[in-house]
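K.L.:
Below, each chain spelled out in residue letters.
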Amino acid sequence: MIGPHRRHPLWLAYLLHRLSGLALALFLPAHFWVLSLALTDPDQLDQFLRFADNPLVKVAEFGLVFLLAVHFFGGLRLLALEFLPWSQRQKSLAAGAIAGAFLISGTFLLRAI
Amino acid sequence: MLGIRLYMAQRLSAMVMGPLVLGHLAVMIYAIQGGLSSAEILGRTKGSIPWFLFYGAFVLAVSVHAAIGLRVILHEVTGLKDRLLEVFTWGAMALLIMTGARAVLAVTLL
Amino acid sequence: MRYTGFRERANRCAVSGNEKTMDVSVWRGSGDEGAYESFQVPAQDNQTVLDVVSYIQQELDPSLTYRYACRVGMCGSCAMMVNGQPRWTCRTHVKKVLNGDRLTVGPLRNLPVIRDLAADMDPFFEKWIRAGGVHKPGRSRDDAIQQVRPEDPGRVEANKAIECINCAVCYAACDTVAGNPDYLGPAALQRAWTLYNDVKVTDRAAVLASVTGPGGCTNCHSQGSCTRFCPNELDPLSSIAGLKRAAARSFFGGKS
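Residue numbers (the numbering used here), protein chains in the order written: chain A, 257 to 369; chain B, 108 to 217; chain C, 596 to 851.
Misleading hints may appear alongside valid ones.
[What the hints assert, rightly or not] Below, a list of computed lysine-lysine pairs in the DSSO-like style, where the Cα atoms sit at most 30 Å apart:
no.	chain 1	residue 1	chain 2	residue 2
1	A	347	C	755
2	C	615	C	690
3	A	347	C	691
4	B	153	A	314
[As the list claims (entries may be wrong)] Distance windows between CB atoms, simulated:
no.	chain 1	residue 1	chain 2	residue 2	range
5	A	340	C	754	15 to 25 Å
6	C	846	A	300	37 to 47 Å
7	A	340	B	194	51 to 61 Å
8	C	695	B	133	45 to 55 Å
9	B	119	C	657	52 to 62 Å
Bear in mind the hints are in silico, worked out from the structure with no lab data behind them. Fair warning: this is a prediction, and the values are worked out from it, not measured in the lab. Glycine included, C-beta positions come from ideal geometry on N, C-alpha and C.
Whole structure, please, built from the sequences with the hints as guidance.
P.N.:
Below, the structure is given as structure tokens:
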């Protein structure tokens with residue numbers, strides 16, 4: 257529940273970073289399993305990749321690329337916050353991270369469809 | 108539940124992954140056009156030492172990074188700590204490294 | 596003269612005239628038990644949340660337990676959750692936080708409740724001490740007084756946080772504290788950063804060691820609620836980032 261003590265940009269940036277990180281960590285084993293099909297069962301891998309041509313799957317992939325990009329840019333912001341000289345522009349940087357993630361995942365989606 | 112060593116491991120693995128994620132995003136955007144096929148993917152990666160090193164490093168870094176991240180979430184959400192939390196952290200890391208190594212070998216071995 | 600009970604006086608107050616009232620929900624209970632109780636309080640042009648709480652205790656229910664001392668934002672004892680957000684109640688105007696005609700006041704979050712609106716501050720101050728917040732002098736009374744140059748970069752950094760009044764608003768706002776009971780919290784860590792930059796502190800490595808353990812600065816997720824809600828407009832978020840930088844430097848064998 258996002259109570260009043262949480263309604264501010266940096267807390268929301270934290271939430272996005274945590275949820276995207278969690279989702280990516282849970283996605284990884286599935287990702288690795290599908291790739292290892294190349295060794296164990298190439299036919300099944302091709303079957304899976306054909307299934308991935310489905311527009312709905314493309315949208316899901318867009319979601320995954322967004323998660324990766326937003327965790328990447330958000331992580332860069334945190335590394336800068338922790339290891340570079342202090343900057344007061346944390347809100348702008350957090351907004352920039354989301355904008356960057358949309359740019360990258362949007363480019364991916366446009367090329368995918 | 109994050110001492111200085113795990114903290115540094117997570118931040119350093121993040122720094123290692125910076126360029127790797129950028130590369131991975133670029134490959135995805137490049138490769139997705141026209142759909143994917145196993146022939147296309149494997150044609151690029153089979154027997155390639157650069158791709159083996161690229162994704163090998165990626166798997167190691169992400170395993171360390173994700174295991175520590177999951178550890179923090181698990182502790183803060185469920186209160187799990189001490190021995191069980193250690194077992195979870197190292198178990199998650201080992202699982203990710205093993206499944207990841209298998210995937211890297213599957214797409215880069217000749 | 597007939598003795599007039601609190602409730603009786605309050606009722607007379609409420610029914611006499613057409614003055615506007617506010618619906619104030621106040622947490623009642625101790626420990627983990629309790630519920631919100633509603634009070635009708637006359638609305639004034641100028642009043643603070645602490646005035647409202649005091650009115651309830653003085654006019655409506657003398658058993659209401661709460662804590663305050665200075666009423667001018669210096670002592671740090673009157674912080675409460677006001678409409679779900681931690682605030683210093685003596686300097687929070689009702690007009691600024693009133694939600695329609697409703698106001699909700701509860702004890703500070705992340706701390707045990709003694710009773711009603713009085714939170715138990717012991718864990719907060721224990722962590723303050725655990726983070727090295729007690730001054731350990733490097734000189735004795737026989738030594739000359741240490742000269743401190745105000746323009747020294749370390750002094751400038753240390754000065755940023757010395758206005759902390761220990762109100763625990765940052766501690767109540769922090770979700771890392773909520774999820775991780777061992778986490779020292781923003782106030783104690785900011786204090787450690789102040790000491791780390793203080794030339795009068797001789798053992799900087801000891802300060803750093805006390806804030807890099809399992810409950811230390813490395814647990815901070817940079818949510819920034821501490822800085823966002825600090826009533827004195829201090830910036831614990833940047834102090835903790837400073838500690839992380841120092842910790843990382845010393846991890847690689849750099850001098851602390």
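K.L.:
Each hint: holds or not?
P.N.:
Comparing the hints with the structure gives:
Between residue 347 of chain A and residue 755 of chain C the alpha-carbon distance is near 21 Å, which keeps this suggested pair within the 30 Å criterion. A distance of roughly 13 Å separates the Cα atoms of residue 615 of chain C and residue 690 of chain C; the hinted pair therefore holds under the 30 Å criterion. With a CA separation close to 24 Å, the supplied pair residue 347 of chain A and residue 691 of chain C stays within the 30 Å bound. Distance hint between residue 153 of chain B and residue 314 of chain A is fulfilled; the C-alpha atoms sit about 25 Å from each other, no more than 30 Å.
For the pair residue 340 of chain A and residue 754 of chain C, the supplied restraint of 15 to 25 Å holds, since their beta-carbon distance comes to about 22 Å. Restraint check, residue 846 of chain C to residue 300 of chain A: a C-beta distance of roughly 46 Å satisfies the suggested window 37 to 47 Å. At about 36 Å, the beta-carbon gap between residue 340 of chain A and residue 194 of chain B misses the expected band of 51 to 61 Å. For the hinted restraint 45 to 55 Å between residue 695 of chain C and residue 133 of chain B, the CB-CB distance of approximately 53 Å keeps it satisfied.
For residue 119 of chain B and residue 657 of chain C, the Cβ-Cβ distance of about 59 Å falls inside the hinted range of 52 to 62 Å, so the restraint holds.
Of the numbered hints given earlier, the model fails hint 7 alone.
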